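Visitor: Each chain, letter by letter, is given below.
Number of protein chains: 2
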Amino acid sequence: MNSFTDNLRKIEPYVPGEQSKEKDIVKINANENPYPPSPKAVEALKSFNTDSLRFYPNANATVLKEALAEYYGVEVENVFVGNGSDDVLALAFQSFFCSDKPIVYPDITYSFYPVWCELFNIPFKTYPLDKDFRINVEDYREQNGGVVIPNPNAPTSLCEGEQFIRTLLSYNTDSVVIVDEAYVDFGGYSSVALTKEYENLLVCGTFSKSRSLAGMRIGFAIGSKTLISVLEAVKNSYNSYTVDSLSIAMGIASLEDDGYFKSTINKVIATRSRVTNELRALGFEVLDSSSNFILVTHSDYSMKEYFEFLKSKKVFIRYFSLPRIDKYVRITIGTDGEMDVFLAETKRFLEEK
Amino acid sequence: MNSFTDNLRKIEPYVPGEQSKEKDIVKINANENPYPPSPKAVEALKSFNTDSLRFYPNANATVLKEALAEYYGVEVENVFVGNGSDDVLALAFQSFFCSDKPIVYPDITYSFYPVWCELFNIPFKTYPLDKDFRINVEDYREQNGGVVIPNPNAPTSLCEGEQFIRTLLSYNTDSVVIVDEAYVDFGGYSSVALTKEYENLLVCGTFSKSRSLAGMRIGFAIGSKTLISVLEAVKNSYNSYTVDSLSIAMGIASLEDDGYFKSTINKVIATRSRVTNELRALGFEVLDSSSNFILVTHSDYSMKEYFEFLKSKKVFIRYFSLPRIDKYVRITIGTDGEMDVFLAETKRFLEEK
Chain Y
540 MNSFTDNLRK IEPYVPGEQS KEKDIVKINA NENPYPPSPK AVEALKSFNT DSLRFYPNAN
600 ATVLKEALAE YYGVEVENVF VGNGSDDVLA LAFQSFFCSD KPIVYPDITY SFYPVWCELF
660 NIPFKTYPLD KDFRINVEDY REQNGGVVIP NPNAPTSLCE GEQFIRTLLS YNTDSVVIVD
720 EAYVDFGGYS SVALTKEYEN LLVCGTFSKS RSLAGMRIGF AIGSKTLISV LEAVKNSYNS
780 YTVDSLSIAM GIASLEDDGY FKSTINKVIA TRSRVTNELR ALGFEVLDSS SNFILVTHSD
840 YSMKEYFEFL KSKKVFIRYF SLPRIDKYVR ITIGTDGEMD VFLAETKRFL EEK
Chain D
540 MNSFTDNLRK IEPYVPGEQS KEKDIVKINA NENPYPPSPK AVEALKSFNT DSLRFYPNAN
600 ATVLKEALAE YYGVEVENVF VGNGSDDVLA LAFQSFFCSD KPIVYPDITY SFYPVWCELF
660 NIPFKTYPLD KDFRINVEDY REQNGGVVIP NPNAPTSLCE GEQFIRTLLS YNTDSVVIVD
720 EAYVDFGGYS SVALTKEYEN LLVCGTFSKS RSLAGMRIGF AIGSKTLISV LEAVKNSYNS
780 YTVDSLSIAM GIASLEDDGY FKSTINKVIA TRSRVTNELR ALGFEVLDSS SNFILVTHSD
840 YSMKEYFEFL KSKKVFIRYF SLPRIDKYVR ITIGTDGEMD VFLAETKRFL EEK
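The listed protein sequences derive, respectively, from chains Y and D.
The first sequence begins at 540 in the numbering used here and counts up one residue at a time.
The second sequence begins at 540 in the numbering used here and counts up one residue at a time.
These aren't lab readings, by the way, just hints derived from the structure by calculation.
It should be emphasised that the depicted structure is a prediction, and the values quoted were computed from it without experimental measurement.
Watch out, some of these pointers could steer you wrong.
Any copy, or any two copies together, can satisfy a pair, since identical chains are not distinguished.
[Stated by the list, open to error] Distance condition first, Cα-Cα at most 30 Å in a straight line; then the derived DSS-like pairs of lysine-lysine:
1. Lys735 with Lys549
2. Lys549 with Lys640
3. Lys886 with Lys866
4. Lys566 with Lys801
5. Lys549 with Lys764
6. Lys579 with Lys562
7. Lys585 with Lys850
8. Lys585 with Lys866
9. Lys549 with Lys670
10. Lys549 with Lys892
11. Lys664 with Lys549
12. Lys735 with Lys670
For reference, chain Y alone in the conformation it holds in the complex (with noise of 0.2 Å):
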């Protein structure tokens, strides 16, 4: 009998979220963006010179970290750029939380700080959100491995501002924290700038959201240098080539497209504006979104029958069984004509229930 399977790491599944494969469906379950990417990342895709796929792409992605610094008024070596911002966020988890203290972050926040956790075994504890499910800054007060805060945070959707994130480090010298900002672009507060002044802040980022970009994986982060060769370091002891040459080009393309970029992002903050109020007329609670989703509930009504009924008229919301939250629905924001759809859908829910 072999004995081989003893060696095996043993973890827990972890379970994508469902995407359908059906057609004509309203899909407003994982955040992404209604709009196409911008016309001239698609420009830079459609004159890629293809014979040049060939030769590995630029181990550093020089190239797209140039276009973030000067996006973002830093120095290229404080830009590094990941498979997206889970890869970015998975190194970072590798890279600075090595402490035998445990570190903290939200207990509602995003589904992968604890898996990451029991991958690389770091210790966690987690503080609760308060009753309105904001973060409690005074709770990160006592020492830690480190900081994990998404803002906006999700599910939630709620942002904190440049106070609090300045008390938070003021609590935290002597560990990293990481502000992970995937969906700031849409009228949160960014703590780029601070990293000027903290050389222990990592902000992370993604083109995945609010540039269109999801399918081409793309993260970055922005720190000091100090924290930025750390991460370098790490990564090119796992894989030296993570961002493939097309995502490379269309990264810097997205970048340079400030113009699209603004447009559909106050499209989305338009959208939202509306559909919000619409939900709050017909007796919802919905929390007041920084990000490209929304959370809501409402105290007449199953959210857990709200989100089947959805699914049944093809309108995929997410619905996530777990304590606390689970008398919300998190919704997407897309676009006009699908929250219409989206928006009868819901006072047809609420007529026949």
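Using the hints provided, position chain D relative to the given structure of chain Y.
Guide: Relative to chain Y, chain D alone:
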């Protein structure tokens, strides 16, 4: 004084190989394919529905796995895909090498193996190649935490056959055996068929060499459902979406264009044969390559000087300043035109020195 730096990962930065930005060079130093990707893969890129890039890729890259399963005559559950074969190998090290016993591999081999061992704290032990640069299978009888060999080996270019692999597997039933077949398509023996007999065998491959898609980052592995399911669990605990949507589409198109694939392979093999013969006629010793590169030495000349001379003539080959192979250079097989330039400069070197 801040002490956050105390808990940063201490790791020796791995420096990826030199990539010259100069133009009009003969770049035969990175084992890249001299021919462009399949026209069908290029067409898949040009005709891609770019609007869909706003969506995340399929987390399981199912369609690419299906194409690989059909190509290799296995089931979809026997196939894993990743962001280049370095990603696949790094995940395999994390997934399968969890023993306290050292893993084992040859002392001259792919330079990333010790890097991953350091990153994941995996103990390791190496066995020297014999005087002809071959792997001695009898070395691999001892109890170990796992085995990894590239076949063909790099940078030796030498390939072992079925009997060698079967013997290796017969000695190692209690640990996972990884055969890294990055170069196998250039005339080597592939162990893929043996994965049906040996549940502890994982075979890794890449689209970067034989399929001219280094720029797109596509790697894969074939093995038993037991091994693949553990790899999937670890990968999904790290990053759900490692292979982007365009890589999936181009990978499938490349697999469907077997005529182009075979014709470029055959061209590389024919050029390799010609260059090998010409170098031998000039007094060089050239190992019998089953790869898209050759390992070369000459008893009368310093290979370091040869490397430097060619570099000054804008012909970039690879020299390793490492014990045992510092008397050799590694030369990637380019187009016939590139190899003519290389051979002309080689003759000039012999005349001038």
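Visitor: Each hint should be assessed against the structure and marked as holding or not.
Guide: These are the hints, each one checked on the structure:
1. Lys735 with Lys549: Between. Shortest inter-copy distance 23 Å satisfies the 30 Å Cα cut-off; intra-copy 41 Å does not.
2. Lys549 with Lys640: both (23 Å within a copy, 17 Å between copies)
3. Lys886 with Lys866: Within. Shortest intra-copy distance 18 Å satisfies the 30 Å Cα cut-off; inter-copy 78 Å does not.
4. Lys566 with Lys801: within (23 Å within a copy, 42 Å between copies)
5. Lys549 with Lys764: between (36 Å within a copy, 15 Å between copies)
6. Lys579 with Lys562: both (28 Å within a copy, 26 Å between copies)
7. Lys585 with Lys850: This pair counts as neither: shortest intra-copy Cα distance 36 Å, inter-copy 34 Å.
8. Lys585 with Lys866: Neither, since 45 Å and 45 Å both go past 30 Å.
9. Lys549 with Lys670: So lysine 549 and lysine 670 fail the 30 Å test inside a copy (36 Å) and across (40 Å) alike.
10. Lys549 with Lys892: neither (45 Å within a copy, 59 Å between copies)
11. Lys664 with Lys549: Intra 22 Å, inter 24 Å, cutoff 30 Å: intra and inter.
12. Lys735 with Lys670: neither (34 Å within a copy, 55 Å between copies)
In this structure, the earlier hints numbered 7, 8, 9, 10 and 12 are contradicted, and the remaining ones agree with it.
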